[in-house]
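Peer 1: Take these sequences, add in the hints, and give me the full structure.
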Amino acid sequence: NLRKTESKKNKLENQLNSVGTKVNKLKEKFQLHTTEAAKLEAEVTKAQNTITAAELLISQLDGEHTRWNSQMSEIENELNTLPLRALLAAAFITYLSAAPEDRRRHCLEVWTAQSGLQSKNYCIIFKLSTIVTDIYDDANFMTSLELAVRFGKILIIREMDGVEPALYPLLRRDLIAQGPRYMVQIGEKFIDYSEDFRLFMATRNPAPFIPPDAASVITEVNFTTTRAGLRGQILALTIQQEKPELETEKNRLLQIEEEKKIQLAKLEETLLETLATAQGNILENKELIDSLNETKASSSLIQDSLLESHRLQACLDQERNAYLSLAESASKMYFINCSYTNMWKISEWDVFTGSIVGEIFTKEEFPSWIDKERHGALAILKTTFPDLYQSLCLKDSDLWQSFLRSSHSEQEIPLSIRKKISPFQQLLLIQALRPDRLQSAMVAFATQTLGMKELYPPPLNLHRLYTETQEWEPVLIIISPGADPSQELADLAAKTVGRESYHEISMGQGQADVALDTLRECARNGEWLCLKNLHLVTTWLPLREKELNVLQPKAGFRLWLTAEVHARFPPILLQSTLKITYESPPGMKKNLLRTYESWTPEQISKGSNPSRAQALFCLAWFHAVCQERRNYIPQGWTKFYEFSLSDLRASYEIIDRLFEGGKPFDWEFVHGLLESAIYGGHIDNPFDLRILRSYLEQFFNAQLLSSASATQRRSKGETSCFTPLISLPNSFILLDYRGIIENLPEDDRPAFFGLPANIERSSQRIVSSQVISQLRVLSRSVATGLKFDRELWSNGLSPILHLWKKINQGSSLIHQKVEPPTEIQDSPIHSFIVLEQFNCILLVQNIHQSLAALSKVIRGSQLLTPEVQKLASALLNQECSVWWCWRCCSRFGLTEVSRSESPEPSCRERWVERAASQALLSDILDLAELLHPDTFLNALRQETARSMGCSMDKLIFVSSWSQIARAKLQIKVGGLQLEGCSYDGVCLSENQHNSPSVSAVPTCYMAWVLQIPANPSGMTDTISLPLYTSSERVKVVTHICFPCGLNLNRWIQTGAALFLK
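Numbering of the sequence shown is given in the numbering used here, commencing with residue 167 and proceeding in unit increments.
Do not take every clue at face value.
Derived pair list, reagent style SDA-like, types lysine to any residue, alpha-carbon separation capped at 20 Å [said to hold, decoys possible]:
(1) Lys498 <-> Thr404
(2) Lys805 <-> Ser860
(3) Lys409 <-> Leu490
(4) Lys1134 <-> Arg1112
(5) Lys586 <-> Ser563
(6) Lys1036 <-> Gly1026
(7) Lys193 <-> Glu209
By construction, these hints were calculated from the structure, which means they are not laboratory data.
Peer 2: Next comes the structure, spelled out in structure tokens:
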């Protein structure tokens, strides 16, 4: 049993050992499977992390993927449309580069629609390798040009007013081949030429002169202000003035937005660079994933910041838009001023400005109540606007009686007619029928259209102007002759910056370098500079403007410029300055108030002498009369004389010195100085000097300053030397005289100047004619006539050419061969008439040859010559050709030439026939039919001397209203017109308020007789009135005597004169 038990034990031990072995094997197997499970779990975790990272990366790059796909689509679309866009760009540069904004926009819209492209805005982007230079810096300019040509840079030349000769070889590409390279001559050097070289020339001149040889090798690009651009600039300036915090916040947000956009672009570039340069499995690169996540997070923050910036900008724009209407209106006003003639129908504007030539031979029948003088203007209105003429119902005389007789006819247009025609057509009606009220009608039309109460600006306040300007903004004061703001500027400078910081230079010969040096010094020190009379140095002004453009002035600097209106004033300077006008105050009352504002109470009360104060009032009144009489040119004065404050100050000094020491006052001394040196020094017409002398006698005499004599004059009912409203106080207090001035009416009365009561009628004619002439000048295109444009020339000149052709139909005059006449010994008058006929025929033939050459150029059968171009420019600009004027020796306007030159030869043929038959002196002659009536009177003098057998020096000219008994030869002249008064054949009489501005006079007898001590005319108390060739009072023919009574000054001051019909 023991043995069995041991055997069983061993067996069990063996079994136990095998179980242990199996357990160990199972443990080893379990350990192996456990290790494999852990490995599989780690791999699953790693795969899960990879999947998570991939999902996150894909989601974050989804926006970029969408945007990049969109950009790729755009790039592909641009590549596909590149040929069409290149074609549009080439067409734009070729045909539209110099066109105005409206035409460019319209053509581009049409072209893009036809090509199927979308309209876009294009710009020019220069590379970094750009050289910028100024043309007036010669040394730097040539160096920059050579460097740009040699190394293929882009050269931008600023401030180009013309094409420099050194640029022509480059523009024409006059290249010289030397092996594989090309060279070009610049000046005296030969420079290597790079194909990458590009040249851009820039100018701020809106109408630069480009010669024809340069125009064919350069491309002109119009880069001037657009409506939207100007609107934005004005809006920014307005907000900067009214709410500067809005503009500051707007600029800050724009700056932040630009910075964020730059950061976003850099982040996108970094992202693409990181993805492109990643190595291995990108999903296992944790650092790369973290970097991409940070980049994307920053990009998202920037996107959110941009959205917030856009939201804030939208809020700011809503506040800014409150001023948008103002900016829009200002922008529209600027472009309306540039093309204001488009506001009306062009035919209406042409009729108003006198650009339409009527049918001069058409005999129109008009109602009898219409003055024959107005038939020509009414015929043009009827021919041009037949429907308007029919709607006026002019045959109904009762309807128009109130309009005809009214002194305010612009307000008396029948109501039924007013409802049917526009305000501008009402203006045309006044111009045709009542030109004596045209000025008032134009003022009423302008105020109504602009919605203003009056057209006169408020008085100029220089201090306010100073506070509203900046140091970089020059102020151009446009002065009228006789007005000088120098004293006011000096006083303002003394109060603001001090006298020592104010500099004044009167421009003239030799002052250019001094002015430039002073300009730089004042800009550096922040001082004031006034450059006066710039119209005298127009050739120097472009250099000054360029110097000013590069200045960086110190705060407080001001540049004041004064100039009169000048045709050659640089447009760039006008555009870069603040322009204001400075004129003498309108009206006697304002003129006197301004004078007394310039005088201190101490100046008036000096010496406590009432006579001295009264004399100063007489001086102020005399000065105001001389200045305000200029409003009635040519009846007041024959031309504009520059009476200024300097004349007033000089006269004040004279009166002040004469009252010193209690000496007797020498009035003749005052008369002599004021007539010969101060005021009379401006006058060159003897009849105007006679008016000035009459004023001196009226306002500067001992009786006027005596209160006793003034009382005696009033008791006798005599007229006051000033006005019934004025009685000189026996005082030396300034306020007493200001009180007298304050009581004067605002509007001047003709009696203030001694002018007739109906002066307003002729004055309105003259002023309205001047305004229309200025409008005609303003309506011209800047380049009108400077370049040959067949379509423009044909449209503008065809009416004139057709009219001239119609005038000469059936006439052999233009082809008639004439020889210069030989002197006829028996009669100087006959010789003159024959010579006059020859000159007239020659003039007509010269005009015909000029117009024929012009017509051939337009048709293309003749080459353009400088003479033809000057003629076309003059005609297009509504100017009479200078050559025609010289040939005519008279101031004929275009319409006058076309109306008068053809019929006149037949008149002169009758003159020749009557002179040959010795019947000329027995007929009534019309000197208006002659080109040289003064020469005809001299021929009469020569023939009289021959018939009397004496020298011409012994003969004097006489005129009479009856036959001259002592005259050997005399002529009868008819058709004379009298302005300023009336004459009934017995004595002169004053014009009343409703009197016509011009009246006919009886036939006048003229002759040359021997000098005798007695009055040649046989009349006493007579006045000699000038006889002018026309109502403009430019050329005097002779003078004619009229009986007038005792008071000669009364008729002298009326400005009475005769002129030929």
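Peer 1: Look at each hint and say if it fits the structure.
Peer 2: Going through the hints against the structure:
no.: 1; hint: Lys498 <-> Thr404; in the structure: holds, 16 Å
no.: 2; hint: Lys805 <-> Ser860; in the structure: holds, 18 Å
no.: 3; hint: Lys409 <-> Leu490; in the structure: holds, 13 Å
no.: 4; hint: Lys1134 <-> Arg1112; in the structure: holds, 10 Å
no.: 5; hint: Lys586 <-> Ser563; in the structure: holds, 18 Å
no.: 6; hint: Lys1036 <-> Gly1026; in the structure: holds, 17 Å
no.: 7; hint: Lys193 <-> Glu209; in the structure: violated, 24 Å
Consistency with the previously given hints fails for number 7 only.
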